[in-house]
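Here are the chains, one letter per residue:
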Amino acid sequence: MSANQAPISAPLPASNAGERRRANAYDVEAIRRDFPILRELIHGKPLVYLDNANTTQKPELVIEAEAGFYRHDCSNIHRAVYLLGERATEAYEGARRKAQAFINAAHEYEIIFTRGTTEAINLVASSFSRMTLQPGDEVLITGMEHHSNIVPWQLACESTGAKLRVVPITNEGEIVLEDFERSMNARTKLVSVVHVSNALGTINPVKTIVEMAHNRGIPVLVDGAQSTPHQPIDVQALGCDFFALSSHKMYGPTGIGVLYGRGELLEKMPPYQGGGDMISSVTFEKTLYNDLPYKFEAGTPNIAGTVAFGAAIDYLTTIGMDRVAAHEATLLEHARRLFDGMKGIRIIGAARERGGVFSFMLDGVHPHDVATLLDAEGIAVRAGHHCAQPVMDRFGVPATTRASFGLYNTTAEIDALADGIEKVKEMFR
Amino acid sequence: MSQHSLYQEMILDHSKRPRNFRALAEANRKADGFNRLCGDKVTVFVRLEGDVIRDLSFQGSGCAISTASASLLTEVLKGKTQAEAERIFHKFHDLVTGKSHPEAEEMGKLAVFSGVSEYPARVKCASLAWHTLQAALHQEPAATGTAAPQPVSTE
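Read top to bottom, the protein sequences are chains A and B. For the numbering used here, add 247 to where a residue sits in the first sequence, where the first one is 1. For the numbering used here, add 2 to where a residue sits in the second sequence, where the first one is 1.
Quick caveat, the hints were computed from the structure, so don't treat them as lab data. Using N, Cα and C, we set each Cβ at its ideal position, and we do this for glycine too. Each hint can be trusted.
Straight-line C-alpha distance at most 25 Å; calculated DSS-like pairs for lysine-lysine:
no., chain 1, residue 1, chain 2, residue 2
1, B, Lys18, B, Lys80
2, A, Lys672, B, Lys18
3, A, Lys590, B, Lys18
4, A, Lys672, B, Lys43
5, A, Lys670, B, Lys18
6, B, Lys43, B, Lys18
Restraint ranges, calculated between C-beta atoms of paired labels, are given here:
no., chain 1, residue 1, chain 2, residue 2, range
7, B, Gln141, A, Tyr317, 49 to 59 Å
8, B, Lys111, A, Gly643, 27 to 37 Å
9, B, Glu11, A, Leu411, 48 to 58 Å
10, A, Thr455, B, Leu39, 29 to 39 Å
11, A, Gly611, B, Lys111, 14 to 24 Å
12, B, Lys18, A, Arg570, 40 to 50 Å
13, A, Cys321, B, Gly110, 52 to 62 Å
14, A, Gly643, B, Glu11, 24 to 34 Å
15, B, Lys111, A, Thr565, 52 to 62 Å
16, B, His140, A, Pro452, 51 to 61 Å
17, A, Gly611, B, Gly110, 25 to 35 Å
18, B, Lys101, A, Lys515, 57 to 67 Å
Throw the hints in and build the complete structure from the sequences for me.
Now the structure itself:
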């Protein structure tokens with residue numbers, strides 16, 4: 248099998264995917280058939296998977312791409328001179344080009360593969376901070392960040408003497424842009440902001456935030472973990488300097504993600520980790536670092552996972568992110584119709600711009616009990632603080648139950664959720 | 003859902019109407035328990051007279067399993083000696099972790115927690131108050147209102 252015949256480089260073997268696009272109708276049932284796990288029975292009931300903000304399920308072709316790499320192309324990358332090595336390198340670098348196209352980065356070398364969004368943010372927090380932050384400088388985040396966009400900055404501030412500043416959020420779960428403007432000053436060296444909140448569903452106006460920060464010459468990192476799976480992303484149109492995303496929330500494998508960075512910034516930044524592949528020459532006196540993107544990719548990476556991530560990107564591209572967004576908007580609309588008037592339920596987060604995340608409290612019922620009881624109905628939802636404890640504190644709740652939608656969910660599944668919630672309420676009456 | 007193995011009628015009853023849910027003015031032992039994962043908090047108050055748990059109560063917030071467990075704990079252990087409380091705790095722990103059957107030993111009311119063993123993620127909910135009580139009993143006698151320096155967490 249040659250490289251261009253390898254299953255991993257085939258864009259989409261799923262027989263009807265092309266037809267789907269041509270027909271221009273969003274055939275959710277056909278999409279569901281691409282996901283083997285959706286045929287699982289949970290406690291004897293069909294799986295209703297509504298925990299997509301946590302992680303998404305994987306289509307057959309992603310699973311096959313990962314297995315296919317190990318079956319047909321396995322070798323290390325960037326060094327082997329034999330055919331397998333070429334195939335592995337081509338598949339790995341092919342995934343980089345797919346990621347570049349998917350978020351419309353200007354250059355291939357602006358795509359750094361990481362273990363995920365968390366590592367991508369840590370990379371910037373570590374490397375950019377070492378280059379830039381001085382005692383008294385400030386890093387600006389918002390009150391709706393995931394822990395992964397809080398703690399790396401606390402660590403960076405601890406080691407540099409810089410200060411972490413937080414833009415508060417409203418009762419609706421939004422940022423007020425005037426507050427944002429006021430929170431920036433001459434000492435602000437970086438803004439790091441979540442695109443879509445995993446706990447509230449709020450879609451932040453990141454393009455405007457980037458413009459406001461850039462007017463003051465402040466670079467901006469966008470945490471895109473929860474936006475990339477649900478809407479088209481164009482990092483050049485957003486204008487951000489860094490953008491972080493995770494494969495496993497995009498129907499790809501765990502343990503792989505991307506840091507996009509503007510080339511001129513990445514060029515100036517010192518390496519994040521040292522090791523193999525990130526060097527061009529090493530002596531005990533002096534080491535010369537490799538070019539971008541390899542300068543930031545020390546050690547043998549998750550090659551099979553990266554290749555399968557490429558397959559996931561192909562899958563999303565074939566369906567079309569604008570159509571995914573339209574489908575999920577329908578789901579959110581349906582959920583709002585069902586839940587907005589429902590008695591005994593408090594929805595956490597009421598932003599005008601919302602993604603398919605539904606965080607709620609049932610009167611008198613703890614979220615963990617809600618989730619366990621819904622599980623008995625085959626419904627998978629998240630209960631907890633969603634790695635966003637400051638958000639929970641802001642709304643005065645220890646935890647919430649959260650349903651979050653993906654491209655394979657149906658309105659019937661949201662009906663099942665509503666029925667399940669009624670049963671929980673009945674039980675705790 | 004009404005036949006749910008975890009949410010027995012008695013558990014629901016104790017979660018909705020917890021017994022001994024108050025601060026205990028005469029307490030001479032007290033400890034705080036905290037479950038980092040779900041944010042459950044419990045404070046256990048004990049009036050220890052010699053070796054006997056003369057009175058105990060609890061306060062806090064948590065899921066149905068942790069609230070019912072704390073509530074039943076206060077009912078079951080009132081009047082017991084420390085050694086008896088310790089023995090019942092171990093039996094309860096074996097029950098919720100699936101190491102014993104409710105019929106195997108005389109568990110009394112606590113047998114309603116046998117379903118917990120099917121839900122490993124919920125064991126810590128069921129045992130939070132028990133670990134907290136243990137911390138309270140093992141601490142040095144303190145003036146009323148003084149909490150253990152570090153909140154207890156569970157497995």
